[in-house]
Amino acid sequence: MNWPLYVTPAHIVRLYDRFEALDKEKTGHLRPQDFGAINRLAMNPIGDRIIGAFFSPGQETVDFHSFVRILAHFRPADKKHPKDPSMPEPVNSRTSKLKFAFQLYDQDKDGKISRAELLQVLRSMLEMQVTEEQLESIADRTIQEADLDKDDAISFEEFRKSLEKVNIDHKMSIRFLR
Amino acid sequence: MPALWRSTFVLVMVLLAISRPSLASEDTGNGTENTITTLPIVIWKWEEIHFPYLVALWVLVSWLCKLGEFHICTSVEAVIPESGLLICIGWVLGGIIYGADKVQTFRLQPFTFFFYLLPQIVLDAGYSMPNKLFFGNLGAILVYAVIGTCWNAATLGLALWGCWLGGAMGNIDTGLLQLLLFGSLIAAVDPVAVIAVFEEVHVNEVLYILVFGESLLNDGVTVVLFNVFDAFVSLGGAQIDAVEIIKGIISFFVVAVGGSLVGVVFALLISLLTRCTKNIQIIEPGFIFVLGYLSYLTAEMLSLSAILSCTFCGVCCQKYINANMDERSVSTVRSTMKVFANGSETIIFVFLGISAIDPSIWVWNTAFILLTLLFIFVFRFIGVFLLTWILNQYRLVPLDFIDQLVMGYGGLRGAVAYGLVLLLDENKYKEKKLMISTTLIVVYFTVMLQGITMKPLVTWLKVKRAAVSERTLAEKIQNRTFDHMLVAIEDISGQIGDNYMRDKWNNFEEKWLYWLLMTPIARKSCDPIFNIFHKLNIKDATSYVKEGERRGSLAFVRNESKADVDFNKKFGADFSEMMPYIMTENMGPDHVPVSSILRDSVPSVCLDMHEQDLKMRESEDFDAHHLLQQHLYKGRKQHRHRYSRKHLEVNKDEHEVQEIFQRTMRSRLESFKSAKMGVAPPKKISKHLKKDQPQKVREAYTFSSFPLFSEGDSASGCEAAGGSFPMRAYRGAGIVNPAFMAEMDTMDPMPPMQQIPSWLAEAEVDSSNMVPSQRAQLTLPWTPSNLRRLAPLCLSTHSNDSFLLYMVSDCPFVTTPPQPFM
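These protein sequence lines map, in sequence, to chains C and B.
The first sequence maps to residues 32 to 209 in our numbering.
The second sequence maps to residues 305 to 1126 in our numbering.
Certain hints may be false.
[Said to hold, decoys possible] Derived, one-sided and incomplete: chain B residues facing chain C with beta-carbon distance under 10 Å: (1) Gln543; (2) Asp545; (3) Gln782.
[What the hints assert, rightly or not] Okay, derived cross-link-like pairs now, DSS-like style, lysine-lysine, Cα gap no bigger than 30 Å in a straight line: (4) C:Lys130 <-> C:Lys181; (5) C:Lys140 <-> C:Lys196; (6) C:Lys130 <-> B:Lys938; (7) B:Lys766 <-> B:Lys938; (8) B:Lys808 <-> C:Lys55; (9) B:Lys808 <-> C:Lys57; (10) B:Lys808 <-> C:Lys130; (11) C:Lys143 <-> C:Lys57; (12) C:Lys143 <-> C:Lys130; (13) B:Lys808 <-> C:Lys143; (14) B:Lys766 <-> C:Lys192.
Hints in this document: simulated from the structure, not taken from any laboratory.
For glycine and all other residues, C-beta sits at the position ideal for the given N, C-alpha and C.
Put together the whole structure using the sequences plus the hints.
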C-alpha cells in the first residue's frame, strides 16, 4: 500500500471520514447502493458509470484502499518533481487519467471503444429529443475523426491522440486533492 | 410610434404648463384667502395635489420612455444598451423642459434616489441572487469588492493629486483629501449599471456573479470611505493621526459587518413571519417588501451600509419564504419585485439624462475630466489583473484572460456615484460642480460607450479564440464527459475541503433553521427528490391531458399546423442559418413540412415520417457539431444564466435534471429487473438478502415490481413501506413477487467474487440488445393502461409505475429517518 503515491495523510483522514459517512452499515466496504444513495449522482448523466468505475470487475464492494486509489486519479499532476522512470506510473499522471476516462466508455474492457459503446454514452449525455438517426450520425462522425487504423473502433492510443490538445490535468482534477 | 411620441410630447407640455403656475403660486405666498361670493361648481385644486401628481406623472413619463425605447430597439439594430437609450431620451426630455422653463426644474435629488429608487433594485438583486453561486464565490467577490475598491479609490485619488500638484489641471481649489474622497465615490462599480448592461451580454455564470457580487458588496467599502474622508476633510488635514486612521479601519468592519447583520436579522424576521401567515395569503407578499425596505432604512439610520443590509436580507430569506409561501404568493412577490426594480431603474436612467441638461452644474475642466476617465479605466484593469493573478493561485478553475478582460471592462459606474456626489457640501468642497460634471461624464462614458462596445468585444474575443482551434467532435464530447465526471467525483468524495463548510452549514440548517423558520409542509417539500417527483407527476398529467385531447378530436389537423408554427418560431432562426438548403426547400418532395420530420413529435403525427427520414439522411450532411452544441446536457457547473431582470423564466436546469434523473432511475430499475428476471444468471443480489434480517425482508417485499414494459406483475402486493427509491430495492430483494420470495430465500449466495454489481450488469444487458429509444420509454406513461401513474398518492394494490409507490400519502419523509439521502 503505497500511500505516498496516492494522497497525503491529511487527505486520507478526510477521505476516511467521507468513506465512513457513506458506509451506512458500517461494514468497512461500500456497495453500489451506498453510492446510489448520493442524490446528486442520480442527476448526473454518467453517474452510474462513474460508480461502476469504482468496482473492479467481479468485485461487489469497494474497500477504503480502492476508494482512495480511484479518487487519487483526480489529483492534480505533480509538476514539480520530474518523472522517475524507474517508478511505476503515478496514478494521477496524464496517461492514468486518460485510462480512467477510457474505461468509462469501454465497458466490456476489450481495449476499444466500439460504435455501440460510444452510442450508449452519447445517448446518456444528449437530451431526449435527439433522435436515433442523429445520434448514430454523431457517433459515426466521431469515430471517423478519431479512428486512424480504420477498424471502426477507437483504441486507447487513438483516444489519447484525439485529446492531445486538451488540458487533461485541468479537466480531471479536484482541488482538495492538491 | 409617431403617435406615441406625440402623446409623450403632449404630456410633457402639459406637465410644464401645470408646473409653471404651481411654481408661480408658491412664490406668491399661500396665505391669501379668497372670499367667495357664489358657490363654485368646480375648483382648480392644483396647489393641494401638485406634489403627488407630479410624482405620478413623472413615473408615467419615464415608463413611457421605456416603451418608446423598446420600439427604437427593435426597429434599429439593438446596438445601444437599453440604459443608454433611456439616458438619451432623458436628454431630450431635459432639453424640452429646459427650453420651456429656462431652468432645470426636475432633477434627480439624492434623497429621492437613495430612499425611494434604490432600495427596490437592491432588494430584487438580493432576492433573485443565485445563492449557491454567490456563496461559492464569496471569497473572490469579497476580494474584488473590498481590496479592489480600495485600490481603485486610492490610486485614482493619488494619481489625480499628483497631476494637480503637477499643475496639469490649472487652478482648482482642492486638496489631497478631497481628491481621495472623489476617488472613493467614483471608484465603486455600480450595481444598477452592471445589471443593465450585463443583462444583454450573456457571459458565463461565474464571471457574471463576480462582477455583480462585487458591485453589490462594494457599497460597504464605499460608504465607509466616503464617510471617513468626509470627516477627515471636516477635521482638516492637521488633525489626522494614527488614531483617526485606525478608527477609520475599525469603522469599515463595523459598517460592513453591521450592515450585513441587520440584513440577516430582517431575513429571519421575514422567514418567521411567513411561517405564520397561512391565513392571510392575500397580503403575505406585502410583508416582504415592507420588511425589506425597513432593513434598508434601519441600516441607514444606524449609519451602517444600507445596500449590504438589503442585499443580505434578500439573499438569506429567499429560500425560506419561497418554501413557506403559497405558490401564488411567491409568483406575486417575484413579479412585483421585477416591476419595482425595473421601474426604478428606468426612472433613474431617465433622470440621469434629464439632470445633465442644466448649465448651472457644468464646470468644464478638460484635464480633470480626461484624466479621471483615463485613470479609472487603467487602474481598473490593473487592479483586476493583479487581484485575479493572486486569486488564481487558490481557485480551482482559474479565471482566464478573456474573463479578466471582460471583468475589467465591466467596471461600470452609475447612479450611485452621482447620488453620492450630490450629497457633498458645497462649502467644504469648492469644486463640487466640477466633480458633478466629471461624475456625469464618467457615468455616460461607462454606461453608453462601454455598454455599446461590451457585446461586440465579447463576441470578437470569443470568436477569435474559437477560430484558432476548432475543436473536434471527440474533444467536445469528451470535454462534456469530463465536466460530468468531475461533478460526480466531487459528489462522491463529498467535496471535502472546498465545501466542508458547506456541508456543515447544510447540517446546521437542516437541524435548526428548517425547524425554526419553515412550516412543516414546507420542510417536507424541501427534499429535492420529492420535488422532482412532484414535477414529474405534473408533467405526466399535462402530457396525458394533451394526449387525450389529441386523440379525441380534430386534434390531428390542429396538431399539424401547431407543429409547423411552433417549429418555425422556435428553430426558424437557428436552422435557417445552419441548414439553409433545408429551409429553402421548405417542403419535402411529398409536401410534408420539414418541421414534422425534424421535430421529435408525438407518434400520432405524420405517417410518412419514416420515408422522409430516409430521404433526409441521404440528402444532407448532418451538422453534428451544431447538434452537440444544442443538446448536450450541461454539467452542473455550466448551468444556464438564471438571473434576469427582464424575464421571469422557468428554470431550464430543472427540466434537464428531471430528464437525467428519470433516465437514471429507469436504467437502474431495468438493470435490477433484468437481474431479477435472470437475464444474466450469476448476478444475484442474494448476498444482500442474507444480510437483511427477516423483518426487513418482510417490510421490503411489499414493494411491487416495476412494470416498465407493462408486463403485468400484478401479483405483487404493494403496501409501500415508505422510504425511498430503488435504493431500498437493492437492499432487500423486495422488488419481487411474494412467489419469488421463497426462491430467493433458499438460494445459495454466490461467492462474492463472481457477483457482478448491477452497474456492470446494466451495461452488459444494454450492449446485448439495442437500447430502446428513450423516446419510446418516454411515451409510456401516456398509454391509458399506465394511467395509474397519475393516481394520487395513495395505497394501491396493483402494480404500479416505479416512483409513485414510494411516496405514500402519510408522508414517509417525515416519519422515516432520512437515511439514504445525503
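Structure-based check of each hint:
{"no.": "1", "hint": "Gln543", "verdict": "violated (49 Å)"}
{"no.": "2", "hint": "Asp545", "verdict": "violated (45 Å)"}
{"no.": "3", "hint": "Gln782", "verdict": "holds (6 Å)"}
{"no.": "4", "hint": "C:Lys130 <-> C:Lys181", "verdict": "holds (21 Å)"}
{"no.": "5", "hint": "C:Lys140 <-> C:Lys196", "verdict": "holds (25 Å)"}
{"no.": "6", "hint": "C:Lys130 <-> B:Lys938", "verdict": "holds (24 Å)"}
{"no.": "7", "hint": "B:Lys766 <-> B:Lys938", "verdict": "holds (19 Å)"}
{"no.": "8", "hint": "B:Lys808 <-> C:Lys55", "verdict": "holds (19 Å)"}
{"no.": "9", "hint": "B:Lys808 <-> C:Lys57", "verdict": "holds (22 Å)"}
{"no.": "10", "hint": "B:Lys808 <-> C:Lys130", "verdict": "violated (35 Å)"}
{"no.": "11", "hint": "C:Lys143 <-> C:Lys57", "verdict": "violated (38 Å)"}
{"no.": "12", "hint": "C:Lys143 <-> C:Lys130", "verdict": "holds (12 Å)"}
{"no.": "13", "hint": "B:Lys808 <-> C:Lys143", "verdict": "violated (43 Å)"}
{"no.": "14", "hint": "B:Lys766 <-> C:Lys192", "verdict": "holds (26 Å)"}
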